[in-house]
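Chains A and B, in that order, are what the protein sequence lines are. Counting in my numbering, the first sequence runs from 1 upward without gaps. Counting in my numbering, the second sequence runs from 1 upward without gaps.
None of these hints come from the bench; they were simulated from the model. A virtual CB, placed ideally from N, CA and C, is assigned to each residue, including glycine. Misleading hints may appear alongside valid ones.
What the hints assert, rightly or not - From the derived model, a few chain A residues whose C-beta atoms are all more than 12 Å from chain B:
id, residue
1, 25
2, 88
3, 92
4, 101
5, 156
6, 201
7, 216
8, 276
9, 293
As the list claims (entries may be wrong) - Below, a sample of chain A positions facing chain B; criterion: calculated Cβ distance under 10 Å:
id, residue
10, 51
11, 55
12, 66
13, 161
14, 162
15, 166
16, 211
17, 212
18, 214
19, 215
20, 256
21, 274
22, 279
23, 280
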Amino acid sequence: MTIAIDQGRTKHASRDVTAWDRLKVNRNWLGFWFMLPAMAFLILFLAYPLGLGIWISFTDARIGRVGNFIGLENYEWLWDDSIFWLSVFNTLLYTIAASVFKFAIGLYLALLLNENMPFKAILRALVLIPFIVPTVLSALAFWWIFDAQFSIISWSLKQMGVISQNINFLGDVYWARFSVIFVNIWRGIPFVAITLLAGLQTVSPSLYEAATIDGATRWQMFRHITYPLLTPIIAVVMTFSVLFTFTDFQLIWAMTRGGPVNATHLMATLSYQRAIIGGVLGEGSAISNAMIPFLLAAIMISWFGLQRRKWQQGESND
Amino acid sequence: MNDFTRRTLLQGGTALAAAGALTGPALFDFAKAWAQTAPWKAEKDAKLTLMRWKRFVPAEDAAFNEMVAAFKAATGTDMNVFSESFEDVQPKASVAANTGSGLDLAWGLHTLPQLFPTQVLMMNDVADYLGKKYGGWTDAAAATCKQGNNWLGIPVATIGGYLNYRKSAVDKAGFKEFPKDFPGFLEMCKALKANNTPAGFALGHASGDANSWLHWVLWGHGAYTVDKDDKVIINSPETMKALEYCKALSDTFIPGVASWNDSSNNKAFLAGELYCTGNGISIYVAAKDDPTKKDLAEDTYHALWPVGPVGHPTELQLCVPILAFKFTKYPNAAKAFIAFMLEKENFDKWLTGARGYLTHTLNAYDASPVWTADPKNYVFSQASKRALPASGIGTPGEKAATAIADFLVVDMFANYCTGREDAKGAIAIAERQLKRIYR
């Protein structure tokens with residue numbers, strides 16, 4: 001080694017090893033170039049719009065016109081805006097109520113579909129239908145089902161003599177919230193059920209065999225084998241489910257447009273109404289940015305949950 | 001205000017056959033002759049890009065496209081026409097105005113030219129030419145396009161909305177004639193409810209229907225969102241009265257109006273469950289086109305909005321003005337096209353194609369055949385005369401447009417009528433939002 005360097009020095013006395021020479025053989029440098037396309041993609045389509053959205057929320061921008069910087073004015077305004085807080089309440093109610101039911105019914109369905117039964121494959125495929133139908137189409141179908149004058153539910157109940165007047169599904173505050181949450185649950189169950197079913201299939205049957213030999217009951221098997229092994233998947237599924245529900249737009253827009261009297265306005269729909277329809281981009285961005293803390297919290301919970309080794313290995317959480 | 005159902009879209013096409021005297025070669029001959037004598041000569045190799053709102057009546061679209069083709073042939077101007085939905089027209093026009101490219105002409109809604117008055121081509125000469133030739137412009141239409149003495153655009157037409165009612169039900173309620181004032185209208189709605197033939201007006205986020213009838217109630221009581229200097233004056237005794245009146249009225253409505261969108265009243269009326277509502281002529285047209293609804297069509301009549309305590313008509317109608325951008329390379333071609341659109345040879349046929357859906361803004365077209373072809377169309381011929389701009393008595397422009405788009409007035413009434421807020425609370429919410437918009 002030393003000899004080689006010495007020879008080099010004598011031959012090219014004037015030339016040292018430059019930074020460029022070092023760079024040429026640097027693996028990190030090469031790696032950077034390989035990473036660049038992905039990075040450019042992320043910056044262009046994720047970081048830049050997000051940053052722009054945050055910047056716009058600090059301005060009084062309108063559609064087609066660059067705004068002036070106005071600091072936190074948009075946020076201060078929203079802080080005192082009863083409709084904004086109503087939309088926050090609606091969004092939380094919508095997300096929590098829908099997610100709880102989606103999880104409970106989804107898990108139940110997954111367990112059911114995991115059993116051996118006739119027509120198993122067809123049944124599993126059928127469960128996916130609400131998920132496959134485009135959201136706007138199913139929302140329109142439900143819009144008819146819940147129509148003030150032509151609701152099939154009201155009609156049937158009237159024929160049976162249970163009620164004398166149509167149920168005001170989308171015109172009454174509580175019925176309207178119930179209706180949109182119901183549709184969201186209907187639409188979201190297949191995703192939860194099928195993903196949990198996939199998780200259930202990875203649980204080794206030998207564990208159940210061993211438990212059976214030990215005399216475990218069905219409940220004990222679920223509690224101490226199925227549930228712990230399923231936990232990582234539950235965490236992922238529910239994170240996604242919460243994110244999708246929290247940012248839902250199509251269902252509400254197609255069914256109620258946020259009505260009656262803003263009782264079903266979610267943060268996403270209010271943001272759209274103010275930013276795009278009303279043209280006040282700054283305020284609309286501020287509303288959508290207000291969703292970020294909630295979404296970050298949801299991601300953090302599952303992230304730190306997943307980081308726990310014991311969880312990942314499917315042991316109990318002591 | 002004026003949703004056509006899908007059925008109307010399909011069936012409206014038949015109207016085209018009845019529409020025009022001047023089609024094909026005759027129209028081209030007229031167009032050529034017109035181009036020779038018109039005050040505006042299209043630039044050589046002119047090319048115009050025009051954005052318009054998406055049509056509801058196929059026959060209207062067909063008549064429009066024929067006119068475009070004739071203009072093209074007569075002047076050699078290359079025309080590129082595309083449509084956008086109602087909600088997208090304004091944002092796209094704003095972007096064009098602020099980037100200075102993309103469009104030459106924009107045909108939009110309400111007071112579009114007032115949104116960017118410095119970016120439009122002044123139309124004073126076109127307005128003078130047409131006004132002189134065709135008996136002058138209606139005041140309401142002129143207000144949507146005029147800034148001082150300048151014309152920022154040309155009010156092509158108004159999409160009218162009026163009361164649609166079943167004559168048999170109104171007769172049975174004891175009203176030989178449709179009421180002409182607010183108390184009479186309330187009495188009639190009460191009687192309709194008592195007979196189980198209720199009226200109904202949208203209280204939901206229906207951009208057209210809900211805005212039009214609630215602004216009518218508000219303005220009819222002499223209450224406005226802002227005064228002529230754009231100072232917010234919604235918090236007034238008149239607004240209180242409007243809220244009380246509206247509450248009494250909404251108690252007589254068919255259940256479910258808080259969930260209604262623009263098409264809900266069309267459906268309910270055509271199904272025979274709703275006996276009086278505010279809408280464009282679309283309900284009647286749909287009933288006429290449906291052989292199974294012959295009786296309903298015969299029983300359907302139209303009435304003007306009753307006049308409120310202020311003593312003059314206070315209607316919110318949907319004006320559709322056209323504008324040319326200042327940055328267009330072919331200002332003469334743009335002006336020529338706009339003038340050409342509104343010439344009698346084109347416009348009569350176009351109005352007929354629209355079947356009462358569009359109302360003229362030039363007085364001479366009072367005599368247009370569409371208004372006499374069916375006596376039930378006549379009411380809609382008044383839409384350009386009895387309206388206030390979307391801003392009420394305030395300055396037409398962007399702020400008024402935002403207030404309408406954000407349903408401020410609609411939500412104020414809905415909050416009170418559904419019992420979510422008391423009158424003070426409902427007004428306070430609207431006032432706070434208005435103050436921000438008009439800051």
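Subject >> Hint check, failures only >> reply: Violated hints (numbers, rising): 8, 10, 11, 13, 14, 16, 17, 18 and 19; every other hint is consistent with the structure.
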